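Chains as they are written, first to last, in our numbering: chain G, 13 to 133; chain H, 96 to 650; chain C, 15 to 265.
In short, the hints are calculated from the structure, not lab data.
Here the structure is a predicted model, which is why all the values come from computation and not from measurement.
Watch out, some of these pointers could steer you wrong.
Unchecked claim - Computed list of lysine-lysine pairs in DSBU-like fashion (alpha-carbon distance at most 30 Å, straight line): (1) Lys217/H with Lys104/G; (2) Lys217/H with Lys101/G; (3) Lys644/H with Lys114/H; (4) Lys114/H with Lys217/H; (5) Lys525/H with Lys114/H; (6) Lys177/C with Lys153/C; (7) Lys217/H with Lys153/C; (8) Lys97/G with Lys153/C; (9) Lys382/H with Lys217/H; (10) Lys120/H with Lys446/H; (11) Lys446/H with Lys525/H; (12) Lys446/H with Lys382/H.
Below, each chain spelled out in residue letters.
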Amino acid sequence: MSEHDGQFEQKEEHEHEHHIVSPVIYLAILLALLVGTGLTVWASFIDLGEWHIAPGLTLFWNPAVALAIACTKMVLVVLFFMHVKYSTKLTKLTVACGVFTFLALIGMTMTDYFSRAWGRW
Amino acid sequence: MSAATIVSLPDQSTARIPKMNFLTKENGLLSWLLTGDHKRIATLYLISITFFFFIGGSLAGLIRLELLTPQTSLMAADTYNKVFTMHGVIMVFLFLVPSVPATIGNFVIPMMVGAKDLALPKVNLLSWYLYIIAGFMVIYTMAAGGVDTGWTFTSPLSTHYLNTHVISTGLAIFVAGFSSIFTGLNFIVTIHKMRCPGMTWFRLPLFVWANYAASILMVLGTPVLAITLVLVVLERTVHIGVFDPAYGGDPILFQHLFWFYSHPAVYIMILPGMGVISEVISTFSRKRVFGYTAVAFSSVAIAVFGFFVWAHHMFIMGISNYAALVFSLLTMLVAVPSAIKIFNWAFTLYKGSITFETPMLYAFGFMGLFTIGGMTGVFLGSTGTDIHLTETYFIVAHFHFVMVGGMLMAFLSGIHFWWPKWTGRMYPEKISQFAAVVTFIGFNFTFFPQFILGTLGMPRRYAAYPPEFQALNVFSTAGATILGVGYLLPVLYLTWSLKYGAIAGNNPWQATGLEWQTQSPPLTENFLETPIMDHEAYDYEWLEQQQQKEVASVG
Amino acid sequence: MSDSTAISNSAAAETHHEHPPYQRHHFETVEQQADTTNFAMWLFLLTEVMFFGGLFTSYLIMRNWYYPAFVEASHQLNIGWGTANTAVLIMSSFTMAMGVWSAETRRKGALVLCLSLTFVLGLAFLGIKTIEYHEKWEKHHVPGLNWSDASFLNPASDPEVHKDYPGDQPLAPDMAQKAQMYFFLYFAMTGMHALHMIIGISILGFMIVRARAGAYTTGHVTYVENFGLYWHFVDIIWIFLFPLLYLISRH
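Generate the whole structure from the sequences, applying the supplied hints.
Next comes the structure, spelled out in structure tokens:
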């Protein structure tokens, strides 16, 4: 992972100019975020049902949709308000690193809780 | 000892310490307390860390004295619990975690990458203050009556049953955690953004790579410990929380969150030590580190794998068998990059011109003891063996082999190695070689019997034990006495050398790192002008040519 | 090295080039300084992500264990206030982004206006949060300090909520008690978030004063930009807290 920085950083210092995001984009993102908020509240009042994937494994659509909307909003904020779309590879890598470790914490912990229900061998 | 040596000191009759250096630039207490200079902060850290090391060490002495006899003869069982807890808390959070990074790393990393200072000098100073606040809080805890949960704060013991000072210790570690986060953050930023022209990633000394990997763990792991301790403190204050089964919480959740940090913390403690060993082995065998790239990436690999193995601390705690299986397999993965390092150091020694100065002796100690510590870690990582051995003295011996035999040896190796750069004076060679050997012997006497005690079934964390274990415990306590001498000696002769040591000159070891190409002790700005890196790391031929050029120009 | 050369060399070291007052001495260029502090801010946000990560993990597990209690307890939260607060915080993120834009395009008046709007919106968020916290206190829903299971043992005893959610069944005593767990996590998570808001608002106040003196409109936008990152991060945390705490199951 660090190999990349070594190759790109030198170039980036020259290539990477300070990109100014236009207010029009900010306004569009604001509207999208507000719509997303409305959508997630509206969706929570509807029973979206569930999907039995396999015995003992069920996907409930309500929380899934709520999290999907929240994730979309997060991506919008990160890419545009926080300028990651226009940032260096290093910044993108840093964000990816944070998401990865966060998911590792939750995911690896959940492997234990999930499989505890399977009982002994 | 071999008479061969690479030490080249300037002519002692004419040599003097440069008048202008970071130690003499400004005077007075305030110039130290408000400094932004990474070398001064490193010095502050060195003093405070040594102080806490000796507090922790004295507590270790008390533990060994108590275990001299099978009965609780020296102190009551409750007191014993407090003593080993404070020993663990101080040694882990106030010594091992900041030891190499915050002292040696702080001192040499900016010089190694060719920068004037760390990227964020004020944050660096803040991190020292946080450390000191945490230190005072721990001392307060001890004075107020101590805490007896063990350094792991296992819930519900810490949240429900005990009425000792869990809150103040928890907050102390919270504060110490942020000190460590800021150090790690500073290192990552410095290594990415402050490298001098020509200093590519693969020209960095391996010490920098190792600290980079450890810093990633500090930045990503420590906050999880911080929030866990906040939750423990909240649980104790409002009597509701997510860990205590009496309130519907899950103690295993605490274990998950705690070990999510505390397993990577093991690598936070050992990786910078491995970095020191890479530097020392190369310098004293006059060879480029064998497989530089492999050693560099093995550090990063240890850091990444380190986040996926934490549940091997929990095999007997009621996690699911399936998860235990997965975590056990992943644990085996970490052994690979560690082994890569050991093998590459061994190959570096092969056909090298080895000399046996003190740093090298400590490094040899590290390689042997860390290998034993690491191999026994594999026993503990496999589920079946772990169930038999965990919570016995086997585990105590295992992590002391890695932490004391590994990290402390590496720390002492590094201190001796960079002492001439730090102070401008050499330490006395003969007595320090003696101290290194004493430490090694004392260490093995102390901790090897504990492996045997563990396999025989002596549990850890008890003040009393069945009489048949006494012989080995006496051995261990006797060894601890020798070990104590081994640790006291460096304090004495290093202090002595501040005034009476031989003048070291710029580069007593003929080492290649950028930090050796400037004066000792260095200027506040480290270099006269921004250095340009025009050679690979550990390029001893470049150094020779450089010296010939100097001779030619003077002549 | 002899003394004389050391002294002459150090004299040479002290002759440095002219550079802007906001450039710290150990950086070679202003760009390097800007890059460095920006990267440092991102790394700090990484630690923040993991800091909240512990809370989110705890929430996830407790919610799965005590789902009925979490559903009924979440009905106690006022969805109107929650939605309003989300909108307020998103607006403040927008004004903050506009603040960065004003600094980049060197518009001092606009910068001060944007920062002030962010400041006010931040305070509005905390104000609404206070109203909500106060309501929890009055209804004895503060775990550990002021707690009563009544609303969950007998939902009809709480007519205000019961009329909106008539389907809420009385919970068994041990499950009703777990509503306390929900409110513990609610206060821990929103409290930690509010703490970040308070820190942010304090820094904003400081920045408004500096901006009025023209500090950030001379081409040195790093400070505003990095604070913006922090502010957006706090916004993102709320974007997740809102559905997780308020919208568990409203149907």
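Next item on the list: Find the hints from earlier in the document that the structure breaks and name them by number, from lowest to highest.
Entry: 7, 8, 9, 10
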